[in-house]
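*Asks:* Residues per chain, in single letters:
Protein chains: 4
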Amino acid sequence: MAESETTRLEAFSDGVFAIAITLLILEIKVPAGPETQEHGLWRALLDRWPSYVGYVISFATIGIMWVNHHALFKYIRRVDRALLLANLLLLMTISFLPYPTAVLAEHLPDADSRTPAAVFYGGTLVVFAISFNVLWWAARGRRRLIGADAHPEGVRTITFRYGMGPLSYGMATAVALVNVWASLAIHLGLALMYALSERREDGEEE
Amino acid sequence: MAESETTRLEAFSDGVFAIAITLLILEIKVPAGPETQEHGLWRALLDRWPSYVGYVISFATIGIMWVNHHALFKYIRRVDRALLLANLLLLMTISFLPYPTAVLAEHLPDADSRTPAAVFYGGTLVVFAISFNVLWWAARGRRRLIGADAHPEGVRTITFRYGMGPLSYGMATAVALVNVWASLAIHLGLALMYALSERREDGEEE
Amino acid sequence: MAESETTRLEAFSDGVFAIAITLLILEIKVPAGPETQEHGLWRALLDRWPSYVGYVISFATIGIMWVNHHALFKYIRRVDRALLLANLLLLMTISFLPYPTAVLAEHLPDADSRTPAAVFYGGTLVVFAISFNVLWWAARGRRRLIGADAHPEGVRTITFRYGMGPLSYGMATAVALVNVWASLAIHLGLALMYALSERREDGEEE
Amino acid sequence: MAESETTRLEAFSDGVFAIAITLLILEIKVPAGPETQEHGLWRALLDRWPSYVGYVISFATIGIMWVNHHALFKYIRRVDRALLLANLLLLMTISFLPYPTAVLAEHLPDADSRTPAAVFYGGTLVVFAISFNVLWWAARGRRRLIGADAHPEGVRTITFRYGMGPLSYGMATAVALVNVWASLAIHLGLALMYALSERREDGEEE
Chain A
1 MAESETTRLE AFSDGVFAIA ITLLILEIKV PAGPETQEHG LWRALLDRWP SYVGYVISFA
61 TIGIMWVNHH ALFKYIRRVD RALLLANLLL LMTISFLPYP TAVLAEHLPD ADSRTPAAVF
121 YGGTLVVFAI SFNVLWWAAR GRRRLIGADA HPEGVRTITF RYGMGPLSYG MATAVALVNV
181 WASLAIHLGL ALMYALSERR EDGEEE
Chain B
1 MAESETTRLE AFSDGVFAIA ITLLILEIKV PAGPETQEHG LWRALLDRWP SYVGYVISFA
61 TIGIMWVNHH ALFKYIRRVD RALLLANLLL LMTISFLPYP TAVLAEHLPD ADSRTPAAVF
121 YGGTLVVFAI SFNVLWWAAR GRRRLIGADA HPEGVRTITF RYGMGPLSYG MATAVALVNV
181 WASLAIHLGL ALMYALSERR EDGEEE
Chain C
1 MAESETTRLE AFSDGVFAIA ITLLILEIKV PAGPETQEHG LWRALLDRWP SYVGYVISFA
61 TIGIMWVNHH ALFKYIRRVD RALLLANLLL LMTISFLPYP TAVLAEHLPD ADSRTPAAVF
121 YGGTLVVFAI SFNVLWWAAR GRRRLIGADA HPEGVRTITF RYGMGPLSYG MATAVALVNV
181 WASLAIHLGL ALMYALSERR EDGEEE
Chain D
1 MAESETTRLE AFSDGVFAIA ITLLILEIKV PAGPETQEHG LWRALLDRWP SYVGYVISFA
61 TIGIMWVNHH ALFKYIRRVD RALLLANLLL LMTISFLPYP TAVLAEHLPD ADSRTPAAVF
121 YGGTLVVFAI SFNVLWWAAR GRRRLIGADA HPEGVRTITF RYGMGPLSYG MATAVALVNV
181 WASLAIHLGL ALMYALSERR EDGEEE
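Chains as they are written, first to last, in our numbering: chain A, 1 to 206; chain B, 1 to 206; chain C, 1 to 206; chain D, 1 to 206.
Don't read these hints as lab results, they were simulated from the structure. A couple of the hints might just be wrong.
In this list, chains with the same sequence are indistinguishable; a pair is considered to hold if it fits within one copy or across any two.
[Unchecked claim] Once the Cα atoms are required to be at most 20 Å apart in a straight line, the calculated EDC-like pairs of lysine to aspartate or glutamate come out as:
1. 29 / 10
2. 29 / 110
3. 74 / 110
4. 74 / 153
Computed from a predicted structure; not experimentally measured.
All chains should be modelled from the sequences, with the hints used to inform the complete structure.
*Replies:* Shown next as structure tokens:
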């Protein structure tokens, strides 16, 4: 398959990323009339804070992952069936994320079910990080999928950075067993860290 | 119409595939607070297993079908109105799939309605396989839609493989009358088989 | 703006068409467990027939309209702000269509509210047909938006065909006041007629 | 990153705009059978007017913002990570808009909660206008992201026009504290004003 194949694969992936990121809002429930009788609409809107927290973390995570998917495909020149399947696995995890996000938002205020909700959410991100590595291995293992002009250091940087993902997200998930809020803060921090630190990887072009 | 017409048709189809595959998650219901009172959130999440089964099978099926749609359009160079209509029929079936998936997930735990749900699901996949053949016939029957450089063996391989589709999915659906689980296992197996065996078809480029 | 502007406008429009057409399925409700107790799941699925009717008619209509939008932009070479706004108006009607479709499906079985539901549905299609004409006038009125190489007969054919739209859909809507089923049959017939008769317009390329 | 990077960023953004604009319709609830018993379906459909008002204003706003995003990227030639993040912030606000739209539609008929709903809605548009400025600053502050051939007056016009945004939307939001209807009329007026006045900016090409 030619380079144009990468284009269509990227376009399809972009579509799934764009839809998953936009569907997140559907999980936030609109306060109905009766709910606002006693304390007013502002209070009802503020009571939705766990939904906003989930929205922001998941939006940031999917958004950054889109940027990374993007960065990764700068190195990939060809597509074979293994890569297609690895990419489908990644997209399946992305598409799944609105569900644990909604579970988290629903159960964050409840002390009893808060921990399983955060572990379920974090576990999804671990699978996410793993499938990112599977995709990268599928491309790198068959060296000819990567352009001959690929900067070896760039390839090593990606290998290292993505290799750290499952570990980082795994630890963030484990933290949820002790303190859910700390776990969520780490998730948001990881998204920002991946967002900012990636810059070096593009360094040669600046 | 020029080759660029194919591009726009493929982009539109990709959009429908991408949206249908992402909408699947909306059908999985978030466990509400009360449901988790007695047995906890983990149990409530585990009780959703039929939804996860449906999600994975439908995601794999749509994903593989996207790959195949993709492979098919490598041979198609021109678009006429019959092809547009055949493609619309295919997209209508794809867009429909989240519904039988949700029906299956809702009724899989219930011994009484499990069988009709699986037959309804399988029947949709049969229509799916048929409309794939209609699309291919619409392209092949008017030979000029296919590039003159099309590999005759590749064309024959697709004709044979897609021709098998309605039969295979039909048998998988019939199995549901005897055993629903065996039927679902065959559906998943068919998706994987289509995913892996297609490789030979791209062989000349490797 | 250059021709590439048309590309982005078409891509955005394709996105809205693709999403609206795929969202139609979300309006079909999954039969819940209790509903199937008495008569079984098959009966509950069959009772959804008005939803399937609405799904097929709206899918066909949006699909054919996408094809026509497509045909129309073969003539349009440039984009200005009036065209952008006319296109937004058209997209607003397309995006709205899942709502009257759901209203129709909900009220088709009820003899009392069947008629207003069909009139509401048909009225949306009238607005749809009008906004198609507004788009075409916006392009044709400023002749330079259309390529100098545009076939005059093709332009006339589109002008005539689209000019007939509001009238045809208006009559189909009026028929709903007498007989809802006849009205729906005409809607489906109009979609097919627009699908098949358009071929002459592309004739010079065959 | 090369110009093709802008292409993929624009395509992803277009996807999010297209999905957010199309999801608006999902927030309008279909009148159920019982609701139409007493006064009929027409009355029930008319009672949905706040939803239609919200639909039109939000559709117009997102649509015009898409046009502006579009106009803005005519000047942007390169993409760096800061721009990607600023764009994500903008998309996060766009994706969020269906929620305040639904809140507005739900509470517009209720004199008590109408004002907070309109302030919440307007506040989202203020954040929207701010994030548009952040995006523009991210592009302009690093001058090399903008093509060397960028028309200085065009750049100044955008800077001024977008700089006015937060102020205009802020005032429209403040008006909601006095009169909600006036505030909504201003929002619609702002969308139209941005739609029409932008023409001068493209003037050099006409």
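*Asks:* With reference to the structure, classify each hint as holding or not holding.
*Replies:* The hints, checked one at a time:
In this assembly of identical chains, the alpha carbons of residue 29 and residue 10 never lie at most 20 Å apart, being 32 Å within a copy and 30 Å across copies at closest. Taking the closest pair of Cα atoms, residue 29 and residue 110 come within 20 Å of each other both inside a single copy (17 Å) and across two copies (18 Å). Within a single copy, residue 74 and residue 110 get their C-alpha atoms no closer than 44 Å, and across copies no closer than 48 Å, so neither meets the 20 Å cut-off. Taking CA atoms no more than 20 Å apart as the test, residue 74 paired with residue 153 passes inside one copy only; the shortest distance there is 14 Å, against 34 Å between copies.
The structure fails to meet hints 1, 3 from the earlier list, while all remaining hints are met.
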